[in-house]
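Undergrad: Next come the chains, spelled out residue by residue.
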Amino acid sequence: MKRFIFRRLLVMGPMILIVLTITFFMVNLAPGSPFSHSRALPPEVEAQLKAKYGFDQPRWKQYVRFMSRIVGFSTDEAGNVSWHPYPDFGESIKYRDRRVNDIIKESVPVSAILGLTAYLIALGVGILTGAFAAARRGTWADSLAMFGSMIGIALPSLVLGPLLITLFSLTWYVFPPGGIEWAVEWGYIRIPTLRTLALPALTLSMIFIAYIARLTRNGVTDSLRQDYIRTARAKGLSERRIVFTHALRASLLPIVSFSGPAIAFLVTGTVVVESIFSVPGLGRYFIDAANNRDYFLILGITAFGAVSLMIANLAVDVIYALVDPRIRYE
Amino acid sequence: MNNAARVSAIFLFLLMMIAVFGPNWVRRYNGATYDAQSLGNGLQNPSRSHPMGTDMLGRDLMSRIVYGSRISLTVGVVSTAISVLIGIAYGAIAGYFGKKVDDVMMRIVDVLYCLPDIILVVILMALFERSMLLLFVALGAVSWLTMARIVRGQVLALKHELYVEAAHAMGAPNRSILLRHIIPNTMGPVIAYATLTLPAVILDEAFLSFLGLGVQPPTPSWGVLASEGAQAISVHPILLIAPAVVMALTLFSLNYVGEALRVRLDPRR
Amino acid sequence: MLLRVASSILFALALSACRSSAADERYFGKTVPPADNRLTYEHVAEPETLDPTLATLTQEWTTIGALFEGLVASHPETLEPIAGIATHYEVNADSTQYTFFLRGHASPRGTRLPDTNSLPDEFRHGHKAAPAIKAAQWSDGRVLMARDFAFAWKRLLDPATASPNVAYAKAVKDVRALDEFTFQVDLNSPTPFFLKILWQPFFSPLREDAVMPGWAARKQFVSNGPFRIREWKPYEKIVVEKNPFYYEADLVGLDELVFRPVSDPSSYVNVYKAGEADIIDGLNVPKFFLPALRGKRDFRQAPLFMNFSYSINVTKPPADNVLIRYALNMATDKAAIAELLGAVPSKTFVASAPGYDPPAAVNVDVNGVTYDILKYDPAQAREILAHAGFPDGVGRDGTRLNIPIGFTNSPLRQIPEIIQQQWRDNLHIDVTPIMMENKVLYDSTVTLQYTGLLESSWFGTYLDPDSFLLRFPSDSLYNGTGFKDPDFDQLLQEANRTLDPAERMRKLAEVETQLLKGMPLIPVLYDTLSYLEKPYVRGMRPTPLGTPTCFKYVYIDRHFDGS
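Chains A, B and C, in that order, are what the protein sequence lines are.
My numbering puts the first residue of the first sequence at 1, with every later residue one more than the last.
My numbering puts the first residue of the second sequence at 1001, with every later residue one more than the last.
My numbering puts the first residue of the third sequence at 2001, with every later residue one more than the last.
Since the hints were derived computationally from the structure, they do not count as laboratory data.
The reader is advised that the hints may include incorrect statements.
[Stated by the list, open to error] Covered stretches of chain A (in silico footprint by chain C; criterion: 3 or more residues with CB under 8 Å from a CB of chain C, positions within the stretch not fixed):
{"hint": "1", "region": "24-35"}
{"hint": "2", "region": "91-97"}
{"hint": "3", "region": "221-231"}
{"hint": "4", "region": "257-269"}
{"hint": "5", "region": "302-316"}
Don't be surprised by glycine CBs; every beta carbon is placed ideally from N, CA and C.
Based on the provided sequences and hints, a complete structural model is requested.
TA: Right, here's the structure in full:
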């Protein structure tokens, strides 16, 4: 097992480099430059700006410079080269004088807390709904429960968000229509108040409720048909105990498998919910960076997303192996 | 097939009829088309001449929803078809030839998974001339990955089946084994998953419209209508509610049917 | 049991709904003043930088306006130059050299700039102006001197700084600090309206020891305006607090001012409605809301000193034919578009500036007939189009004329669709609307790679027609149309040299006529600010320039409803 994990971690490095290479050339291909402005820049000014970020060099040189910074080398003003064990994504072009690493460090906790809260809600509601529906499968309760859980699939965030805002912010002043207030601020760790977190987390959780409810219901239904359940019933266990303790186990693996990429996706920030609710997370930066061709910020966020996804996949595989003794990795 | 799936299938059939013939019916009923503006009649409530009211430029909302259904369904179906084709081909080859080929191909899939698809779509939409064809290709190109994984999983399991080994023994070429035996037996999960990809693609298109990268005006789609409606929700809610309901019903139906198909066509049963 | 829980929840919700519907109907949204002496101002987007030399966006200029003050300030109502850090000034005979006497100067000479004592009571609410002898200070207590202006202006002009604003300062040739409180500017050519351009943030002073790479992104930096920065949380808020060292600190009515960026258009209005913001800058209100907002007492529409038009690439067919451009302009019903969008239709390019009379008509001779090319007349437009070689919209080769229109996802994004309909009805030609991102649009504008029309929002940054006309001289970078006319260049130079203001305005109208004869753009409308402000906010005025200039006069009136 340890060797398996180690090998996967080893492979992660080169994979990230490949992802970054592809992204690097992709964003370079896109038309529009980060320095385009509604008022054209004088040529000398534009030349200065380009030189500052290294855009006056031929593309392969830019690539080499970029890659060397990723693996940890940095050159200061005087030309001295030093090495540090973390990648340096450089300075953001749009947000003058701010380093990409700092931007990511500041906004990831926000997106992560929002995403994790949403996912916890989704897990709670989804599993309960799915299990309930499976226990009552074939009845009205089953159909109703599943129909309700599917609201998230049918109404995307861009519809659901404004709906919830209209109901709970404008008609009944229960929640604010956007923006985050902090309950706890401790360095980079910032925890929003419940009042400001409620609507965005709820909106975000909806689609995951749908998937988790479905996965749960399928898993529980399948396992309820198994023999060991009949044995449990014969032993006289209560239906609730059967469903939640025994049958639910069968759904756990698919849910774990689904959760990995889902959590990675959430941590990297969600554009729609963060825009509508004015959450200062990574998704806001990403969409602005993409629109403004802020190459270094795009690359930084991409790298972060790739790492999150790979770690999430690895975690899922490890949990699988721990839970199911039949699975073995060489 | 359970009741919900049956009802959904009927609904989808009706929707398809509306998408194909609807714009003509509406035009014959009240003369409205999706792009006929009437600047003084904006944001009107439902009436006899405009059963769902008008949008900000005075266009008949019902026409726009009907025409938008056609556009959204077309985008969904074509993009899904593209992603299915690519996914089947890729997954079948990876699963069938196994070992090194499979390893490399799946690593490529892993790498592609990490690429931010919004960037790819933004670049594609900006690089080339904006057209429906480009939209199809762009959406299809970011949706084939999971299909490939599913097909590969299926093929991995199938290639040890007896009839495959028999075909090998008879000296059949790989290509015909793939095409004749293996791929047809993956159809079950493929169809089921395709029916579930379709709503995802429709939602992707809505997302692109939210960013202003979807279909070109004045062409409506559910995404365009929902984005416009979402802004006006506190002043003229029907602009959002009407297309959202149609879109929701369609997505519900596709999910019910897809789920039923998945259960029905599960090769394990 | 579940049913009982559900019904009690519904009951509670219904109850709260009844309570909240008692909110004041005269106003749009909640009207409870904040508990502290603090106001929240809502922006359209997050600032990219707060460095006055580098900042270009509206939200940046607004925030910097609270933090920094330049030589002159703007009168909150008339926008005329009033005393800022400078109290007096002298100008030489041909307007090529200005000498400013800053606060703290023992014996200032020359023209006295109006100060706070001359303001209406609403703005100065009983306070007196600071005496000219009192020196201005930075927010850390150090005295503000002329060399701080010299340093800042030199930094602006230095190519190594790469300031996008440097082209606006092209009038400036050289600057120097004559003594501690005297600052002198040499200009390249006579510029009688020089004072009007000085309010712009990039003319603010900067202290040499306070400016190092990355200074503006720090949480704390020194500034010289009525407020100083307390914290900056990106995408969340910028909090500024009263600057105790400001020369008129007792006049400043607020303890704190919070700037909040909200980019989603409907959230933008909803945040104000829910009472989470007290003032909206009014630049991003979706046009949907206008019918609901009109008639509310906290809503005001103010004209913006800007022009929304479509630039035409005159170097590429088919629009390289000026007759076609005339026909397109005359086939566009700008009044209908403007009315729908709550804006003012524009026949000409330059927005309404004090003292300026735009040309009412531009008459052009086409094949012996005189047409007013500014008029909306579909029949005449069709005639001209026929003369241009496209009778009934069809060209000599039998294909229908097709004009592409490039545009972005802005609140005015529906205009190309409207124009498409109008031109189809009036001229029987086709239009292809092409939505593109901002950066791609800017690129196309600069490189002239596009054919047909391209969206263009031009903001004048000082209240003078020159701030519009400077776009079109042959050596200008901002053109985006390919329009080059030596007659235009010469007329503009002559006009700007004219010392008599009335005569100068008359000449500028001629310059604009010359521009419109070339028709490198189709003017559509002058957009308006849809400005929302809570009834307890006083001393605030939206300005046509889009950035309010008077945060120092703002205060909260807790007795606004007569209580």
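Undergrad: Hint by hint, say whether it matches the structure.
TA: Going down the list of hints, with the structure as the test:
{"no.": "1", "hint": "24-35", "result": "holds (count 4)"}
{"no.": "2", "hint": "91-97", "result": "holds (count 4)"}
{"no.": "3", "hint": "221-231", "result": "violated (count 0)"}
{"no.": "4", "hint": "257-269", "result": "violated (count 0)"}
{"no.": "5", "hint": "302-316", "result": "violated (count 0)"}
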